[in-house]
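A.B. asks: All chains, please: the whole structure from these sequences, using the hints.
If you read the sequences in order, they're chains A and B.
The first sequence maps to residues 1 to 250 in this note's numbering.
The second sequence maps to residues 1 to 273 in this note's numbering.
Treat the hints as calculated values from the structure; they're not laboratory data.
Take these hints with a grain of salt, some might be off.
[Claimed, not checked] One side only, chain B facing chain A, incomplete, derived with CB under 8 Å:
(1) 171
(2) 172
(3) 266
[What the hints assert, rightly or not] Using C-beta positions, here's what the derived DEER-type ranges look like:
(4) 204/A <-> 117/B: 26 to 34 Å
(5) 91/B <-> 72/A: 53 to 61 Å
(6) 84/A <-> 117/B: 26 to 34 Å
[To be verified] For lysine-lysine, the following DSS-like pairs were computed, each having C-alpha atoms within a straight-line distance of at most 27 Å:
(7) 165/A <-> 165/B
(8) 231/A <-> 165/A
(9) 165/A <-> 221/A
(10) 231/A <-> 221/A
(11) 165/B <-> 104/A
(12) 171/B <-> 104/A
Every residue, glycine too, gets a C-beta built ideally from N, C-alpha and C.
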Amino acid sequence: MLRIEQVGKQFQNGFIALEEINLEVAQGEIVSLVGTSGCGKSTLLRIIAGLSLASVGAVYVDDELVTQPHSNVDLIFQEPRLMPWLTVRENVQFGLANVSPLEKNRRTQFILERVGLAQFAEALPRQLSGGMAQRVAIARALVTQPSILLLDEPFSALDAFIRMKLQDHLLDIWADDRPTLLLVTHDIEEALVLSDRVIVLRGTPGRIYQEFAIDLPRPRKRTDAHFQQWKERILNSLDLSLEQRLAVEA
Amino acid sequence: MLKSLPVNSVWVRQRDHLLQVRWLRGFFLPVVLLVGWECLSRLGIFPPNLLPAPSAVLATIGQLAASGELFAHIAVTLYRVAVGFLLGGAIATVLGALTGYSRLFSDLLDPLLQSLRNIPSLAWVPLFILWMGIGETSKVALIAVGVFFPVYLNLMSGVQNVDRKLVEVGKAYRLSDLQLIRRIFLPATLPAYIVGLRSGLGLGWMFVVAAEIMGSSQGLGFLLVDGQTTGRPTVILVSILLFAVFGKLTDSALATVGQRLLFWQDSYSSQTH
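C.D. replies: As structure tokens, then:
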């Protein structure tokens, strides 16, 4: 379980990025944080990951106060961030500690098959496409069997078609262990396809503006009329001007 | 060590074939020049007391080799370069890594080292002779100074330029400082380090000449001085030729090791090799 209490962040240069963030995410829940750029959503994710400290307030993972990266939390970045000198297999095993060699190999093999990269286990990152590299990053995160997985705009660097495929793929793999997913995105469709809850952040400093429980049945169809209605509601909540809307929808 | 995707064998054969051709290409120009030089010498256009023919140089190599003198000269010079390279390289590795990794060390050390770097190499010679005498120590020290700076500079900037995003991955996986260094900084710094070692070795070869000219009774640099004072241009040419050959051989060896270690690099040349 993830609990965020009264979190605020002020940077050293005086800029206040976040204010009074309160949020609880239940085990196995999928939650998206959406907002326009500059609303502090990535900052919040970094605080939860323990890579950055909150100026006020506290973050608890399984009732433990987060002051540094937590062993039950894993993170997927916008870029794959693979070590270019390691093979796909070695990259997947990068964060696997305290596991017997046998178990290590078993888990690696399993997750590589799960992301469809088993035959690329000995390939180097430079030999992979962008979508494949991001799948390796997903495998690297999931192989540690985290109870919470944080995703920072994980598919935003990929083209639309691959992005859709990976969103479905992520849900499919998620169903294996059902970790908590907390996703930062500016892609409303992505948030709607994946999430149980969508949280809209707004303003500078960023605050939680509105929360939506998405009751659409799964698997969700992007072309469904209800899906489009939800999209409209969230866009309205973000209160974007027309140009900004075009940018978000693109 | 080399890891790659399975590739079809036709492609592999083509690559081997190309490699061999490329390897031979480097010999084309030297052979043409040597043949031209030999012809011009035989026609009497090049005066033999100033520029002896390649065949005469070869004959001198034969004589020096037969007396065993040649190998002694080569061995002494190689030994000096090797010890100087190891010594200068080792100190540069420690200091370069420290100044690259720690802001404190960089602030303390780097300004001093950057100003020492601007001192011309030959300016050290009198001081080193005064301190360490004319023997081996001062020669090795001079070579070590030459090797030090390129290794230090490249390693330092290599460490400073390690991708922050990869370091963050390491931190997210709770790696200790030591693990971060071993698993991220070391491999990420290797390309710059190898560039530094190669230019350091190149400077080592330059400094060994300076060291051996300033006073020695053996070595390839001594052959230069000896050839000049005894009026034997063939001996000078033998020495120059051997410097070229051994400089190239040691650099190629280092480059090969480097390529092996950097098999993972996604560079322009890794695709065309």
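A.B. asks: Would you mind marking each hint as holding or not holding in the structure?
C.D. replies: Hint check:
Hint on residue 171/B holds. Least Cβ distance to chain A is approximately 6 Å, under the 8 Å limit. A cut of 8 Å between beta carbons decides the hint on residue 172/B: the least distance to chain A is about 5 Å, and the hint holds. The interface hint given for residue 266/B holds, since its Cβ lies 3 Å from the closest Cβ of chain A, which is under the 8 Å cut-off. Between residue 204/A and residue 117/B the beta carbons are some 47 Å apart, a value that contradicts the proposed interval 26 to 34 Å.
A hinted range of 53 to 61 Å for the beta carbons of residue 91/B and residue 72/A is inconsistent with their spacing of about 45 Å. Against the hinted window of 26 to 34 Å, the Cβ-Cβ separation of residue 84/A and residue 117/B comes to about 31 Å, which satisfies the hint. At most 27 Å may separate the alpha-carbon atoms for a hinted pair to count; residue 165/A and residue 165/B meet this at roughly 26 Å. Restraint check for residue 231/A and residue 165/A: satisfied, since their Cα atoms lie roughly 19 Å apart, inside the 27 Å limit.
Note on residue 165/A and residue 221/A: the hinted pairing holds, with a Cα-Cα distance of about 13 Å set against a maximum of 27 Å. Proposed proximity of residue 231/A and residue 221/A is supported: the alpha carbons are some 12 Å apart, at most 27 Å. As the CA atoms of residue 165/B and residue 104/A are separated by approximately 25 Å, the hinted pair is consistent with the 27 Å bound. Of the pairs offered as hints, the one joining residue 171/B and residue 104/A holds, with about 21 Å between alpha carbons and a cut-off of 27 Å not exceeded.
Hint compliance for this structure: hints 4, 5 are not met, and every other hint is.
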